[in-house]
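Enquirer: As they're listed, the protein sequences go chains A and B.
In terms of full-length UniProt numbering, the first sequence has 356 at position 356, counting the first letter as 1, and numbering is strictly consecutive.
In terms of full-length UniProt numbering, the second sequence has 109 at position 109, counting the first letter as 1, and numbering is strictly consecutive.
What the hints contain is simulated information worked out from the structure, not anything from laboratory work.
You can't tell identical chains apart in this list, so a pair holds if it fits in one copy or across any two.
In silico lysine-lysine, BS3-like type, Cα no more than 30 Å apart, as pairs:
1. Lys396 x Lys11
2. Lys396 x Lys31
3. Lys11 x Lys31
4. Lys396 x Lys327
5. Lys396 x Lys326
6. Lys396 x Lys266
There are 2 protein chains.
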Amino acid sequence: MELGDRVAVIKGGMRYEGILMPSRSDHVVIKLSNGYNIGLVPDSIEVLERAQKHEKQPEQIRMREDLPLVTIISTGGTIASKVDYRTGAVTSQFSAEEIISAIPELGDIARYHARVLYTILSENMRAEYWIELARAVAEEIQNGAEGVVITHGTDTMTYTAAALSFMLRTPVPVVLVGSQRSSDRPSSDAAMNAICASTVAVSDIAEVCVVMHGSTSDDYCLIHRGTRVRKMHTSRRDAFQSINHPPIGRVDYTTRRIEIFSDYRKRGECELQLFDRLEPRCALIKYFPGADPEIFNHLIELGYRGIVIEGTGLGHVATDWIPFIKKATDNGIPVVVASQCLRGRICDRVYDTGRDMLAAGAIEAEDMLPEVALVKLMWLLANASSLDEARDMISKPLAGEISGSTSMDV
Amino acid sequence: MELGDRVAVIKGGMRYEGILMPSRSDHVVIKLSNGYNIGLVPDSIEVLERAQKHEKQPEQIRMREDLPLVTIISTGGTIASKVDYRTGAVTSQFSAEEIISAIPELGDIARYHARVLYTILSENMRAEYWIELARAVAEEIQNGAEGVVITHGTDTMTYTAAALSFMLRTPVPVVLVGSQRSSDRPSSDAAMNAICASTVAVSDIAEVCVVMHGSTSDDYCLIHRGTRVRKMHTSRRDAFQSINHPPIGRVDYTTRRIEIFSDYRKRGECELQLFDRLEPRCALIKYFPGADPEIFNHLIELGYRGIVIEGTGLGHVATDWIPFIKKATDNGIPVVVASQCLRGRICDRVYDTGRDMLAAGAIEAEDMLPEVALVKLMWLLANASSLDEARDMISKPLAGEISGSTSMDV
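Just chain A, same shape as in the assembly (with noise of 0.2 Å):
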């Protein structure tokens, strides 16, 4: 019996069917079809199919020049590993050859360079880690990529998403993927979602994007606005929802064929650009009823530099949070309302609270989502020429985050 062997296990009457794995104890291992590990010490076990060899050469993987090229930036995150059953341990995809190796259908739509910005956990993101991808995207397309797939860890993709539609213009497909579920679950949508990023990478689709699974099914994958997009569900492969907005399309899984739901700028259709500055001192706060705005004076004191309040309804916070909001405007800190319905527009123009966050200097996010909104503060502060100026721009859509203003009924 060796690691990697799979084998059934029976326990206490009950049998587990799993892969043999490392074990630093007395108990035996397994890894069960749904991904997880049982420890466990066993009545009986039984091999039922050994592992695989994986001395073998790989086969000689040959790229089509004929292709266009598509570079892969791995960041870390579940799409760019795999699990070694022989040992356990989670290793990433490195060079172009192993990530065709796992995923072949890939060779059959673009030829590939893989380049690894960094291995991280996705919750671990920030804006410095944005600032270096950003760069790293825009050197690629200078060096002659046609289309960029960036693997990501789930967690916190729509936020990168976010920051590379505010940081890039870009000329070609920028995609971010990730997957929900790693390579060695059988419900894993790794490959499909790899697939279908590729397949957009390679379209005339130039902007920031996410692609992930479209439903429970393996049938096709959307393709998200990168500014408008969110995580909407912690572990289904259809978490990724395109809000206040429709997607841009989607991809059939079996035809690889992209329809197109809205809009989108077309490759070649602007110059490349890099704003590669963001001012990290921006807070998002969530208002909840009861919350002390006493927040407000710690984070002036903190010297952050921007607000952003997820407030309810139609961007409303407590009577006693409105001189709070006066103080850090005056303090040269603009106070961005969003809500916390994430659905809708912000209008504080019906009811007096919100005239009266108006009147004390607040600024509606409009449709954006408040995550968004704080990732838009952070580049203004950092771009903008001037605070006049950033404040002016936070409601004015700059890279699709914000839609011309709807009928309430909508």
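Keeping the supplied structure of chain A fixed, place chain B upon it in accordance with the hints.
Expert: Same frame as chain A, now just chain B:
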């Protein structure tokens, strides 16, 4: 021409129709059919319809003594108000007679006792008002109410619903209702929501629930469990959705029939119990990339007793937050982790970050909404017999706020 007249105003070739409102300037102010006011200096103005005179005596309202007694507790909000076209002032409906005279259908469902508890904007709601409200509801039930309807502003209605769900074990229906559009607007949802709420108040659903429009048509209202509902749109009438659990049921507006979708506690199944204590010193912090864990020190210094983190994905924060989770825990402050995805379940056993968070003392909110986790923590810290018991009960269902663990694939 008088205030309240329906007029047509011509300005710069554009024609506007609306109700003539009071104005303190040279402008003519009219209320458009979408509910908004515009002010302009008209080129011409014409009366289309004279204001209805309000001088006639209201008809004598007769309550049917054969119908069950429902108490309507008013807390403020759009649904409790009407716009007086003659003054432009928003006033509250007070007596049961006034309410029935505004919505006569209510008189066929129940007889009413009306009680104005307070008139506040729901964004100013806070724990002390929840306590007052829970006491009032308990009092009304003790005094014979067979159902209670609470009119409430929509901004924080779901926080209040969660608070009442933990504070009351009720043998009769306790129904929160609001409206997204005031009753002076043609698209108002006030009457239909009130009628459906009253229908639920005389049903056998003895839970704290929220009854609001279920679609954008006037066809049915959904009955949401108080611990599972969230406002998911700033302005739509069907903004309220049940998250991570089906609604209890729905009320067909035409037939008044209730269709049931899930289990519920039936009328009379439990004795009335009131737990009227809350610990207001609890905070909800939303994590975002680069967020400074220094906020923990601030909250500890301010004497906070509980913290809920709205983490990413399965319930993550950056690695540099983990020592602060431990510090708060060591200071006797429970730290609960919910997800900003809103949908799905927290699982901090899959990735290293999550495991480290659990080791530092973080408590998983399971599939509870972040807002509900906050309210539950306020309740537990004031009602559990010990801190250990409070910590234990966070992940266990008390009022339908948590479901049994389901497959990750759901």
